[in-house]
Amino acid sequence: QQQVKQSPQSLIVQKGGISIINCAYENTAFDYFPWYQQFPGKGPALLIAIRPDVSEKKEGRFTISFNKSAKQFSLHIMDSQPGDSATYFCAASRGNKAAGNKLTFGGGTRVLVKP
Amino acid sequence: DAGITQSPRHKVTETGTPVTLRCHQTENHRYMYWYRQDPGHGLRLIHYSYGVKDTDKGEVSDGYSVSRSKTEDFLLTLESATSSQTSVYFCAISDRGYGYTFGSGTRLTVV
Chain A
95 QQQVKQSPQS LIVQKGGISI INCAYENTAF DYFPWYQQFP GKGPALLIAI
145 RPDVSEKKEG RFTISFNKSA KQFSLHIMDS QPGDSATYFC AASRGNKAAG
195 NKLTFGGGTR VLVKP
Chain B
4 DAGITQSPRH KVTETGTPVT LRCHQTENHR YMYWYRQDPG HGLRLIHYSY
54 GVKDTDKGEV SDGYSVSRSK TEDFLLTLES ATSSQTSVYF CAISDRGYGY
104 TFGSGTRLTV V
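Chains as they are written, first to last, in this note's numbering: chain A, 95 to 209; chain B, 4 to 114.
For reference, chain A alone in the conformation it holds in the complex (with noise of 0.2 Å):
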């Protein structure tokens, strides 16, 4: 049983495009929605997250869009460059502050930015 569902699996932009991610989620319990960047050989890094009381949040060239009642979040990246070239997660999790908010990660996008 898959929560989190993330699309596409893989894509390719060119550098100066926007790269789109975007992930759906069943649970309407869940309360927040992080996503991480992973490049090879690393652990994955913590890239942006928001909560479902707002529908946008920016962070530089990074924004999350949030549709609370399709139960969807997207991650844009704009103006792509070769160092984003690395893989993204979508993740969500229920607040449980006494057992430690569980995120549950979709299956990953693996972004080639080409120059």
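Think of the hints as simulated: they come from the structure by calculation, not from any bench. Be aware that one or more of the hints could be misleading.
Unchecked claim - Quick look at which bits of chain B chain A covers, simulated, 3 or more residues with Cβ under 8 Å:
#1 12-19
#2 41-49
Said to hold, decoys possible - Quick list of in silico lysine-lysine cross-link-like pairs, DSSO-like style, CA-CA up to 30 Å:
#3 A/K196 with B/K73
#4 A/K162 with A/K196
#5 A/K99 with A/K165
#6 A/K136 with B/K73
#7 A/K196 with B/K14
#8 B/K73 with B/K60
#9 A/K165 with B/K60
#10 B/K60 with A/K136
To be verified - Part of the chain B face toward chain A, derived, beta carbon under 10 Å:
#11 Y34
#12 G61
#13 Y67
#14 F93
#15 S107
A quick note: this is a predicted structure, and the numbers were derived from the prediction, not measured. The beta carbon of each residue, even a glycine, is placed where N, CA and C say it ideally should be.
Go by the hints and put chain B onto chain A.
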């Protein structure tokens, strides 16, 4: 990654042997997690801990056990390794349950 160390980084083991992976943190964070990463599956939670001696199962806990006797160490044990446990294992830490910091991973091959 600063503050979190996984050991070993690589290991090859034979089917049926016990294996222990170690996660060590210097951040004094309350929460620690073990995930496995497999192509197409993203990261799946194996076990997690919300304090010393407080642990619970994740979505893929069968065949794995954990222990946390000190705040800084979280051990993952495969009691009898199988080929299906060939994977990359990541430990993560968090102080408030958000904003995980991941280790660099352990690549485990079971032959």
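(request) Mind listing which of the numbered hints don't hold for this structure, in increasing order? (result) 1 and 13
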